[in-house]
Structures are given as structure tokens and as C-alpha cells.
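Per the UniProt record's numbering: the sequence shown = residues 1 to 382.
By construction, these hints were calculated from the structure, which means they are not laboratory data. Among these hints, one or two may not hold up.
As the list claims (entries may be wrong) - Straight-line alpha carbon distances no greater than 25 Å define the calculated SDA-like cross-link-like pairs of lysine to any residue that follow:
| no. | residue 1 | residue 2 |
| --- | --- | --- |
| 1 | Lys207 | Leu130 |
| 2 | Lys101 | Arg229 |
| 3 | Lys207 | Lys257 |
| 4 | Lys141 | Pro163 |
| 5 | Lys207 | Leu306 |
| 6 | Lys75 | Thr56 |
| 7 | Lys101 | Pro163 |
| 8 | Lys356 | Ser319 |
| 9 | Lys101 | Arg81 |
| 10 | Lys257 | Asn211 |
| 11 | Lys356 | Ala258 |
| 12 | Lys257 | Ala225 |
| 13 | Lys101 | Asp30 |
| 14 | Lys356 | Thr162 |
| 15 | Lys190 | Asp201 |
| 16 | Lys257 | Arg229 |
| 17 | Lys75 | Val111 |
| 18 | Lys141 | Gly191 |
| 19 | Lys101 | Gly80 |
| 20 | Lys75 | Thr51 |
| 21 | Lys101 | Val90 |
| 22 | Lys75 | Gly54 |
| 23 | Lys141 | Glu295 |
| 24 | Lys101 | Ser32 |
| 25 | Lys141 | Leu306 |
| 26 | Lys141 | Gly234 |
| 27 | Lys257 | Arg180 |
| 28 | Lys190 | Arg231 |
| 29 | Lys141 | Gly320 |
| 30 | Lys101 | Arg175 |
| 31 | Lys356 | Asn211 |
| 32 | Lys190 | Ala258 |
| 33 | Lys257 | Arg175 |
| 34 | Lys356 | Ala153 |
| 35 | Lys101 | Gly167 |
| 36 | Lys141 | Ser319 |
| 37 | Lys356 | Ser246 |
| 38 | Lys190 | Asp123 |
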Amino acid sequence: MTPMPTKPKPTLRTEELINELQSFGVRLVDPSAGAASRRGGAGPSDHKAITIDGMTVMAPVHTAPAFDSPYLVEKPDAFGRSRITRDGAVVAEASFPLGPKFYELTTAEGVPYRHIATLHGRDVLATTVLQTCIRYQSRTKTCQFCAIGQSLAAGRTIAHKTPAQLGEVAEAAVRLDGVRHMVMTTGTPKGADRGAAVLADSCVGVKARVNLPIQVQCEPPDDDAWFERLRTAGADALGMHLEAVSEPVRQRIMPGKATVSLERYFEAFAAAVPVFGRAQVSTYILAGLGDTAEEILTVCERLTALGVYPFVVPFTPISGTPLESHPTPPPAFMASILGPLARMLIASGLRSVDVKAGCAKCGACSSLAAYERGESACSSKR
1 MTPMPTKPKP
11 TLRTEELINE
21 LQSFGVRLVD
31 PSAGAASRRG
41 GAGPSDHKAI
51 TIDGMTVMAP
61 VHTAPAFDSP
71 YLVEKPDAFG
81 RSRITRDGAV
91 VAEASFPLGP
101 KFYELTTAEG
111 VPYRHIATLH
121 GRDVLATTVL
131 QTCIRYQSRT
141 KTCQFCAIGQ
151 SLAAGRTIAH
161 KTPAQLGEVA
171 EAAVRLDGVR
181 HMVMTTGTPK
191 GADRGAAVLA
201 DSCVGVKARV
211 NLPIQVQCEP
221 PDDDAWFERL
231 RTAGADALGM
241 HLEAVSEPVR
251 QRIMPGKATV
261 SLERYFEAFA
271 AAVPVFGRAQ
281 VSTYILAGLG
291 DTAEEILTVC
301 ERLTALGVYP
311 FVVPFTPISG
321 TPLESHPTPP
331 PAFMASILGP
341 LARMLIASGL
351 RSVDVKAGCA
361 KCGACSSLAA
371 YERGESACSS
381 KR
């Protein structure tokens, strides 16, 4: 095998290249390379995990923009190395995380492990404990970007993962594939706990089998006492996701979820940080739904002041959702948010590397960690 040419000199910094890849998507010479991509369903779908400059990112591959993307990822060589080209010019080297070994296993009752939890990024185990949601059944209430019901309808998952199943799969993922942390999210069930109860039970099931850091994700429960209960059950980090930050966008994009007010979110953030610690409470913000950069950064200032890590990602449409034709935000828009946000995080002492588990620690759905890394390097030289 002829060795791959020496590493190309990229014309873009890593964070800029990630912005472009996540905005335009990529075309793959070999779609089977690395871990399998998913179409539809909860979490980062229609994406492929690609490692660039030591960072694993999720790049859209099944979206409409990706089919016409100027970026092409070549077939990996015998050593797993590949190259990314734009209009024929090499811009970066890349590799693909391998498909996990735990996907080959099934439970005693015959449920494939991959129907219980999936690999995200390079070393993150992710699961949607309840694959149903009280808001998803009504188009007047559903989050317009959500595809939580697609994988269930397609038979690629099960409606409720039990604590025992989650513990069994988590132990195997750590043992066989070196998984380092876990994300457990849920569709919102009926009840004032908004999913906190089923997540607490799930944490107990996982921690009974393996000492794996866990982030749980749910809407703010009505009773702040749930934060202590989740922590006692074994949750190491908490995500309560705003997604949109201005009221007009919240009402238009996620009318059901918008019934939980921004004020309640911030009350919950303030109550949760003392329980989990600074940077161990985070929120997911989707840039490109209609909020301005200024609106997002203003909310991020308020969040970081509380010790909450705002994980801002570019919105990527998922096929089969009401927003499947919504455009992704341009790279310049993401840069206008993520550069200032990275400086804000460094100044606040909130770093993704210090997060114990979850989306902010993984970082694959955004270039924020690359901006943060660049800011840290600059600070050390001052």
C-alpha cells in the first residue's frame, strides 16, 4: 500500500473547517467507512462521525445540502486514514471511528444492544430511555425539529429501555469499546417530574453494573428536589435544553415545550448548579432556528453567570420532520456566536474538558470545543 501523502496544509483553521462541514455536509466515497450512520430518530441523526485534527465531529451526510456539498471524504486506506477535499483540493486528513463491538450482541430476551443504546461521536454511549413523548403525538405541540418517533416506527429501537437493559449494554460498551461516558435523554412523559423519575431509575441500573459517568437530560421538573434525587441515583451531570432562546422562536418552533417558561428554566438552572457543580449543568441551543446571534449570546452570558455550560450547535434538519427543508446556518453565523462564546466560557472557568459527561464533553455536534481550545492556547501565550 502506497503511504498517504504528507499532511496537507489546511486553508481553514480547524474550527472554521468544522463550521463548513456541519453547514454544507459532506459526500462520502465509501459510505460504509467507520461507524454506521443513522437516518432519522432522536439525537444527531443523518450524520457521520469523522475525526479531524484529533477531534471527532458529526458531519451531515444524509441531508439535502450534503448531496451537493463541495466537500468529499475519500475512501480510507488500509490504516484507516482518509482525506477531505474541496473541489478537488485536499484540505485536511481524516479518519473514522470504528463501528462498536457491542452492536453485535443481544440481550437474553433477544433485543439487539444497538436498539437499547448507540455510539455517539467516538466514545459516548447514548440512549433515549423513553422513545415516546407527550408532545410528539400532536403537530400543534411537537418540536418541529424532533424525530424521536421515527426510529421506533422503523423498528430500530424499543419504546422503554429498562434499568437492567441499560446496565447490561453500558457494561459491554465500556468493556468492549472503551466508552468513557453516557448520555441518557428521554421523551417527556405525563407527570410533573418530566422524565426525572425514569432517568433516576435508569442511573441506578447503570451504576449497579459499571462506574460510568452519566449525563441525564430532561425538561425542568416542577419540583427542584428531583435534582438531588438524580444526583443520589448516580447522575454526574444534567442537561436541560433550551434549544431556542427568544419567545417568538420558542412559540413557533416548539409550542408544546414553550409552555415551560424561560423563567422556569432559569430557576431550575440556579437550583441544579449547587447540586451538580459548575459546568456539570448544561443546555443545548440550536443556532439557525431564527434567534439572532445577539439573542443567543445574551442568554449565554446569563447562563455562564450561573455556572451553566451553554452548548451551542448549528441546526441540522432531519428528514421526515416539519423542518426537513429548513436551511442550516451559514459558517459565518456560527463563527459570530462560537468565537465570543468560547472567550466567555474561558473567562468564566467553564471548560468542556471539565464536564464529566454529556453533549458538551463529547462536543462532536459543534465546533465550540475547537474555538475553546484555540482561546485556551492564546490565553497561555499572553
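Q: Quick one: which hint numbers does this structure break? Sort them smallest to largest.
A: 2, 3, 4, 5, 8, 10, 11, 17, 21, 25, 26, 27, 33, 34, 37 and 38
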